[in-house]
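Number of protein chains: 2
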Amino acid sequence: MNLLIVFSHPNQKSLNGAFLKSVLNGSMENSSIKNIQLLDLYEENFNPILFFDEKVKRRHMYKNPAFSKHRDQLLWADKIVFLYPIWWGRPPAMLLGYFDQVLSAHFAYKETGKYTTKGLLKGKSVICISTMKGPGLYPFFFLHNGHKVLMKKAVFRFVGIKKVKFFEFGSMEGTGQAKKIDKIYRYFRGMCA
Amino acid sequence: MNLLIVFSHPNQKSLNGAFLKSVLNGSMENSSIKNIQLLDLYEENFNPILFFDEKVKRRHMYKNPAFSKHRDQLLWADKIVFLYPIWWGRPPAMLLGYFDQVLSAHFAYKETGKYTTKGLLKGKSVICISTMKGPGLYPFFFLHNGHKVLMKKAVFRFVGIKKVKFFEFGSMEGTGQAKKIDKIYRYFRGMCA
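Just so you know, the protein sequences line up as chains B and A, in that order. The numbers in the numbering used here rise by one with no breaks, and the one at position 163 of the first sequence is 163. The numbers in the numbering used here rise by one with no breaks, and the one at position 173 of the second sequence is 173.
Hints are computed from structural coordinates only; laboratory data are not their basis. Warning: the hint list may mix true and false statements.
In the SDA-like style, the derived pairs of lysine to any residue whose C-alpha atoms are separated by at most 25 Å in a straight line are [unchecked claim]: (1) A/K152 / B/V56; (2) B/K180 / B/H60; (3) A/K63 / B/H60; (4) B/K114 / B/K133; (5) B/K153 / A/K152; (6) A/K180 / B/R58; (7) A/K183 / A/M28; (8) A/K118 / B/K163; (9) A/K110 / B/V56; (10) A/K153 / A/A105; (11) B/K152 / A/K152; (12) B/K133 / A/I36; (13) A/K34 / A/Q73; (14) A/K133 / A/Y187; (15) A/K152 / B/P85; (16) B/K124 / B/K165; (17) B/K153 / A/F169; (18) B/K153 / A/K69; (19) B/K13 / B/S171; (20) B/K133 / A/K162; (21) A/K162 / B/G134; (22) B/K133 / A/K55; (23) B/K69 / A/K118; (24) B/K163 / B/Y185; (25) A/K69 / A/N35; (26) A/K13 / B/P85; (27) B/K163 / B/T175; (28) A/K13 / B/F52; (29) B/K13 / B/H60; (30) A/K21 / B/F51; (31) A/K124 / A/L24; (32) A/K13 / A/E173; (33) B/K133 / A/R71; (34) A/K13 / B/V56; (35) B/K148 / A/E168.
If you anchor each label on the Cβ, the simulated ranges turn out as follows [stated by the list, open to error]: (36) B/N11 / A/K165: 34 to 42 Å; (37) B/A105 / A/R59: 37 to 45 Å; (38) A/L75 / B/M28: 36 to 44 Å; (39) A/K114 / B/D182: 45 to 53 Å; (40) A/Y115 / B/A178: 15 to 23 Å.
This structure is a prediction, so every number in the text was calculated from the model and none was measured. Cβ atoms here follow ideal geometry from the backbone N, Cα and C, with glycine treated the same way.
Start from the sequences and build out the full structure, keeping to the hints where you can.
Pasting the structure below:
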């Protein structure tokens with residue numbers, strides 16, 4: 001199994017960074033994971049601003065050489081881990097801009113009719129690990145699970161990825177973080193394809 | 001009434017640009033609107049990437065001089081119009097990054113307890129105008145209204161803005177756009193405080 005980790009926090013010396021270490025440590029001890037690639041969007045100064053106009057056509061995005069590396073990473077990966085904080089009920093603009101730029105038509109999906117599309121990244125699976133300041137059940141009770149619904153249905157299902165697992169950790173300024181970090185380590189150490 | 005328009009589309013020569021013109025034209029004919037400011041995030045190369053680390057503290061964001069203009073605009077405005085396309089079920093990373101950068105603690109909200117906050121932009125109102133390629137009812141039936149819920153509850157209510165009106169236009173590659181553009185023109189021409 002090829003594992004791609006997409007990290008979207010400005011600072012690796014953070015709680016998100018601690019989760020990243022536990023994903024990496026667990027994965028390196030997991031014999032079913034052959035190769036690991038880490039994409040740190042902040043560290044590589046990823047440009048999250050999708051631009052198009054009369055000259056730069058949106059339908060040619062899938063050939064934009066600036067993101068060929070990122071498209072290749074997604075094709076290469078069997079499993080993709082997204083690791084990010086929740087800001088304003090959803091991932092940082094950096095990660096959402098990664099979707100805007102990389103998940104282009106003809107690469108991640110294609111149109112099959114006026115309102116019908118087909119996902120082109122079938123067979124892959126996704127794990128989302130998110131942290132937030134507020135209590136873990138807040139999105140469920142007050143936001144109709146907006147973050148999960150948008151990620152699962154508006155992004156991953158659209159590109160053909162049906163297998164999506166979420167780890168949502170709340171109350172991140174409280175105690176008990178070591179236990180959550182260890183949970184992630186153990187999950188990735190024991191994870192099967 | 002002071003009206004702030006925040007435009008988040010890469011190209012003013014687009015359908016979003018046509019909506020922008022109709023907002024401007026209607027507003028200029030509306031005698032209850034005293035002043036209008038337009039913020040075109042793409043045109044001004046707004047930086048949507050929130051950064052912080054051990055030195056650049058998130059709690060000092062509200063003093064970041066790079067965004068003092070944007071904070072002043074929000075304080076000045078009685079009504080704020082957000083105009084954007086829907087990509088992957090939500091606004092472009094550019095607009096979400098504007099929220100990440102500008103709606104800082106001590107400016108847009110303050111903490112009053114461990115899990116309690118108070119919005120500081122009370123009394124203002126918001127209008128969201130969004131366009132999407134798919135049918136208008138798709139978000140309602142398939143995405144639990146994720147876009148509206150996140151905007152209304154996770155963003156505006158959090159900063160104290162309770163009055164939020166949505167115009168969601170679907171099927172934007174079909175016919176019938178002139179009617180929608182005219183609807184917006186008439187709405188802004190007749191709008192009261």
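These are the hints, each one checked on the structure:
With a C-alpha separation of about 33 Å, the suggested pair A/K152 and B/V56 falls outside the 25 Å cut-off, and the hint is violated. Note on B/K180 and B/H60: the hinted pairing is violated, with a Cα-Cα distance of about 42 Å set against a maximum of 25 Å. Taking the CA atoms of A/K63 and B/H60, the gap is near 40 Å; set against the 25 Å cutoff, the hint is violated. Between B/K114 and B/K133 the CA atoms are separated by roughly 41 Å; this puts the pair beyond 25 Å, and the hint is violated.
In summary, the hint linking B/K153 to A/K152 is supported, as the alpha carbons are separated by about 20 Å, within the 25 Å threshold. Simply put, A/K180 and B/R58 have alpha-carbon atoms about 24 Å apart, close enough for the 25 Å limit, and the pair holds. About 15 Å separates the Cα atoms of A/K183 and A/M28, which keeps this hinted pair within 25 Å; it holds. Taking the CA atoms of A/K118 and B/K163, the gap is about 38 Å. The hint is violated against a cut of 25 Å.
Distance hint between A/K110 and B/V56 is unfulfilled; the C-alpha atoms sit about 42 Å from each other, more than 25 Å. Only pairs whose Cα atoms come within 25 Å are accepted, and A/K153 paired with A/A105 is accepted, the gap being roughly 17 Å. This hinted pair checks out: B/K152 and A/K152 have alpha carbons roughly 20 Å apart, not beyond 25 Å. For the suggested pair B/K133 and A/I36, the alpha carbons sit about 36 Å apart, so the restraint of at most 25 Å is broken.
At most 25 Å may separate the alpha-carbon atoms for a hinted pair to count; A/K34 and A/Q73 meet this at roughly 15 Å. A hinted pair counts as satisfied when its Cα atoms are at most 25 Å apart, and A/K133 with A/Y187 qualifies at roughly 23 Å. A distance of roughly 20 Å separates the Cα atoms of A/K152 and B/P85; the hinted pair therefore holds under the 25 Å criterion. At most 25 Å may separate the alpha-carbon atoms for a hinted pair to count; B/K124 and B/K165 meet this at roughly 12 Å.
For the hint pairing B/K153 with A/F169, the CA-to-CA distance comes to about 20 Å; that is within 25 Å, so the pair holds. The suggested pairing of B/K153 with A/K69 is violated, with an alpha-carbon distance near 37 Å, which exceeds 25 Å. The suggested pairing of B/K13 with B/S171 holds, with an alpha-carbon distance near 18 Å, which does not exceed 25 Å. This hinted pair checks out: B/K133 and A/K162 have alpha carbons roughly 23 Å apart, not beyond 25 Å.
Of the supplied pair hints, the one linking A/K162 and B/G134 holds, its CA atoms being roughly 21 Å apart against a limit of 25 Å. Distance check on the hinted pair: B/K133 and A/K55 sit about 20 Å apart at the alpha-carbon level, within 25 Å; holds. Between B/K69 and A/K118 the CA atoms are separated by roughly 43 Å; this puts the pair beyond 25 Å, and the hint is violated. Taking the CA atoms of B/K163 and B/Y185, the gap is near 20 Å; set against the 25 Å cutoff, the hint holds.
Proximity of A/K69 to A/N35 is assessed by CA-CA distance (about 16 Å); at most 25 Å being required, the pair is judged to hold. Taken as a hint, the A/K13 and B/P85 pair is broken in the structure, with Cα atoms around 35 Å apart against an allowance of 25 Å. In summary, the hint linking B/K163 to B/T175 is not supported, as the alpha carbons are separated by about 31 Å, beyond the 25 Å threshold. The straight-line distance between the Cα atoms of A/K13 and B/F52 is roughly 11 Å, inside the 25 Å bound, and the hint therefore holds.
Note on B/K13 and B/H60: the hinted pairing is violated, with a Cα-Cα distance of about 38 Å set against a maximum of 25 Å. The hinted pair formed by A/K21 and B/F51 meets the criterion: a straight-line CA distance of about 20 Å does not exceed 25 Å. Between A/K124 and A/L24, the direct Cα distance comes to roughly 19 Å. Compliance with the 25 Å bound is thereby established for this hinted pair. Straight-line distance between C-alpha atoms of A/K13 and A/E173 comes to about 15 Å, which keeps the hinted pair within the 25 Å bound.
Restraint check for B/K133 and A/R71: satisfied, since their Cα atoms lie roughly 24 Å apart, inside the 25 Å limit. As the CA atoms of A/K13 and B/V56 are separated by approximately 13 Å, the hinted pair is consistent with the 25 Å bound. For the hint pairing B/K148 with A/E168, the CA-to-CA distance comes to about 21 Å; that is within 25 Å, so the pair holds. Our hint of 34 to 42 Å for B/N11 and A/K165 holds, since their Cβ atoms are close to 37 Å apart.
Evaluation of the 37 to 45 Å hint for B/A105 and A/R59 yields a pass: the beta carbon distance comes to about 41 Å. Separated by about 50 Å at the C-beta atoms, A/L75 and B/M28 break the suggested range of 36 to 44 Å. Remark: the range hint 45 to 53 Å for A/K114 to B/D182 is contradicted by a beta-carbon distance near 24 Å. Between A/Y115 and B/A178 the CB atoms are about 21 Å apart, so this pair conforms to the stated range of 15 to 23 Å.
Checked against the numbered hints above, the structure breaks hints 1, 2, 3, 4, 8, 9, 12, 18, 23, 26, 27, 29, 38, 39 and satisfies the rest.
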